[in-house]
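Q: Full structure from sequences and hints, please.
2 protein chains.
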Amino acid sequence: MKKLINDVESLLSESLDGFAAAHADIVTLGEGGQFVRRRSPKPGKVALISGGGSGHEPLHTGFVGHGMLDAACPGQVFTSPTPDQMLAAAQAVDTGAGVLFIVKNYSGDMMNFQMAAEMIDCDNATVIVNDDVAVENSTYTTGRRGVAGTLIVEKIVGAAAERGDGLAALKALGDSVNKATASMGVALTSCTVPAAGKPTFQIGADEMEMGVGIHGEPGRRRVRLASADDIAAELSGAILKDLSLKPGQEVLLLVNGFGGTPLMELYLMVNAVHKILDGHRLKIARCLTGSYVTSLEMAGCSITVSAMDAATLALWDAPVHTAALHWGM
Amino acid sequence: MKKLINDVESLLSESLDGFAAAHADIVTLGEGGQFVRRRSPKPGKVALISGGGSGHEPLHTGFVGHGMLDAACPGQVFTSPTPDQMLAAAQAVDTGAGVLFIVKNYSGDMMNFQMAAEMIDCDNATVIVNDDVAVENSTYTTGRRGVAGTLIVEKIVGAAAERGDGLAALKALGDSVNKATASMGVALTSCTVPAAGKPTFQIGADEMEMGVGIHGEPGRRRVRLASADDIAAELSGAILKDLSLKPGQEVLLLVNGFGGTPLMELYLMVNAVHKILDGHRLKIARCLTGSYVTSLEMAGCSITVSAMDAATLALWDAPVHTAALHWGM
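Chains as they are written, first to last, in the UniProt record's numbering: chain A, 1 to 329; chain B, 1 to 329.
Honestly, the hints are just simulated from the structure, not real lab data. Everything numeric in this text was worked out from a predicted model, so none of it was measured. Heads up, some of the hints might be wrong.
A pair counts as met if it fits within one copy or between any two copies, since identical chains are not told apart.
30 Å max Cα-Cα, derived DSBU-like pairs, lysine-lysine [unchecked claim]:
hint, residue 1, residue 2
1, K275, K2
2, K179, K45
3, K2, K198
4, K241, K2
5, K171, K45
6, K42, K179
7, K246, K171
8, K171, K241
9, K179, K275
A: Pasting the structure below:
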């Protein structure tokens with residue numbers, strides 16, 4: 001295993017210390033490094049909290065800050081955070097307007113966030129993200145997995161929370177954005193979880209995993225490596241089938257790298273998907289390209305399409321100041 | 001070779017088309033995709049032009065826009081752009097105040113930018129970046145290589161150009177920032193140039209290349225994989241020896257991923273380097289972490305330290321709006 005680490009046991013805490021030092025203007029660490037929180041809380045605002053296993057950076061810690069999350073609870077690599085972490089985060093960032101949890105649909109995350117929700121004594125609600133159209137049920141999941149679309153839910157709901165929307169409205173908005181968002185990914189290589197010390201899965205030199213999950217979980221099928229255009233066609237095809245969009249619909253396109261894919265290839269995928277969406281007469285109103293929801297050093301990418309209207313576009317464009325997304329301020 | 005591509009021949013042009021489509025609010029492509037230029041030129045401003053082989057994205061195309069570059073000329077992967085590209089870019093973005101070329105110190109880039117400088121009929125000057133302290137002379141280089149410090153030169157000189165500094169002042173500023181900046185990197189794995197189809201170098205499962213170049217060129221020595229703390233100590237040690245900074249000096253720290261390194265590990269390196277710089281009583285005034293000057297999918301990272309004063313810090317903080325760096329506006 002080749003990694004820039006000192007010790008598997010301390011990897012997460014050392015990385016969080018570096019993150020907090022690098023972004024001291026935006027975040028602070030909660031006690032014992034249990035969570036990352038926004039440095040300057042906004043009184044009277046509904047607090048947005050997410051979290052999940054580490055190894056998907058910049059998700060979620062990189063999205064803490066003005067206009068997005070108030071706190072993120074990182075578990076060990078690919079391991080759910082504990083209810084204690086969530087409870088501590090909620091107590092730290094609730095300013096009286098309640099807490100909205102944004103949770104990717106994995107059994108461990110769901111169970112622990114539900115326990116935290118039952119333990120806290122403030123108003124709370126939960127948005128479950130399950131944008132991955134690749135498979136129903138999977139290694140860690142009942143139903144569909146939550147993947148890169150989580151970023152879009154966190155950004156849009158985050159902007160609405162920042163302007164002062166209430167808990168019920170934010171819960172409804174999050175559910176609505178999740179429903180309008182679909183993703184699917186492909187892996188060319190595996191990743192290696194530090195505590196395991198060996199690749200999560202074996203894959204041949206001419207193979208790819210179509211529909212892979214963000215922990216390297218199996219997708220729809222193991223097939224021969226195809227051209228970028230063919231990959232884009234299969235991913236987009238599954239996404240568009242799920243969303244059933246009408247011609248003329250405005251969409252946000254996210255081409256997301258899994259960690260080991262050069263930006264040059266991601267932009268080539270943007271070009272390939274653009275042609276396909278143009279062919280369906282969909283209008284790409286916004287495009288985000290980069291490695292935002294990763295699987296450590298896995299090579300591959302996911303495509304996410306999210307149907308947008310004027311209201312959600314305005315929320316997407318609203319100012320954000322986090323470690324990983326920053327615009328409009 | 002596992003890559004998200006259609007054809008090696010069209011990789012660059014397809015990727016540039018995707019880049020231009022994704023960032024149509026910031027850039028446009030020059031004729032025939034010879035260069036990427038800022039969408040809204042600023043009359044009367046000295047035009048900043050950089051370029052070099054592709055495969056280092058987001059460098060340089062991702063730094064075109066307000067407050068940084070006016071144009072970038074991408075060559076094929078790890079191959080210098082041609083004088084024709086640079087000439088076309090200069091003619092497109094010169095608004096009468098002259099052109100400053102920012103060139104990484106590789107023989108091909110140097111020769112071609114020099115030819116372009118001789119061909120154009122406007123005032124021009126060239127800043128040469130050679131921040132890599134690892135080795136003198138290398139595979140493609142006479143003298144020291146230009147690596148991740150290029151980002152810092154482009155940002156600071158870009159901000160000064162945006163406020164209206166003249167050509168001679170910008171040239172002097174660029175030289176001064178370059179002199180105050182030092183970098184060194186380490187590779188854990190090789191990268192694969194698409195046209196070659198196989199890894200640039202072979203490296204054992206327990207080895208690393210200390211002092212590697214951004215094309216996978218040899219560094220100082222091939223050694224056994226060490227801990228992140230030990231790697232940070234060696235890289236920082238070489239950098240600090242070169243810079244000879246006094247205690248209390250303010251610095252910018254850039255922890256740069258080479259493309260295949262998870263963000264989690266880069267932040268762990270931030271933490272490791274922080275401790276070392278603290279030990280030298282250097283003050284990390286700003287910190288940038290991410291994969292900004294890459295070598296395709298190579299795993300590893302570089303450390304860059306740049307001595308700053310109030311004037312250069314203000315230029316670093318000045319608004320920038322490019323595909324890869326965006327703040328203050």
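Q: Now, for every hint given, state plainly whether the structure supports it.
A: Here is how each hint holds up against the structure:
no.: 1; hint: K275 x K2; in the structure: between (38 Å within a copy, 23 Å between copies)
no.: 2; hint: K179 x K45; in the structure: within (24 Å within a copy, 47 Å between copies)
no.: 3; hint: K2 x K198; in the structure: both (10 Å within a copy, 20 Å between copies)
no.: 4; hint: K241 x K2; in the structure: between (40 Å within a copy, 28 Å between copies)
no.: 5; hint: K171 x K45; in the structure: within (14 Å within a copy, 48 Å between copies)
no.: 6; hint: K42 x K179; in the structure: within (28 Å within a copy, 43 Å between copies)
no.: 7; hint: K246 x K171; in the structure: within (26 Å within a copy, 54 Å between copies)
no.: 8; hint: K171 x K241; in the structure: within (26 Å within a copy, 55 Å between copies)
no.: 9; hint: K179 x K275; in the structure: within (24 Å within a copy, 45 Å between copies)
The structure shown violates none of the earlier numbered hints.
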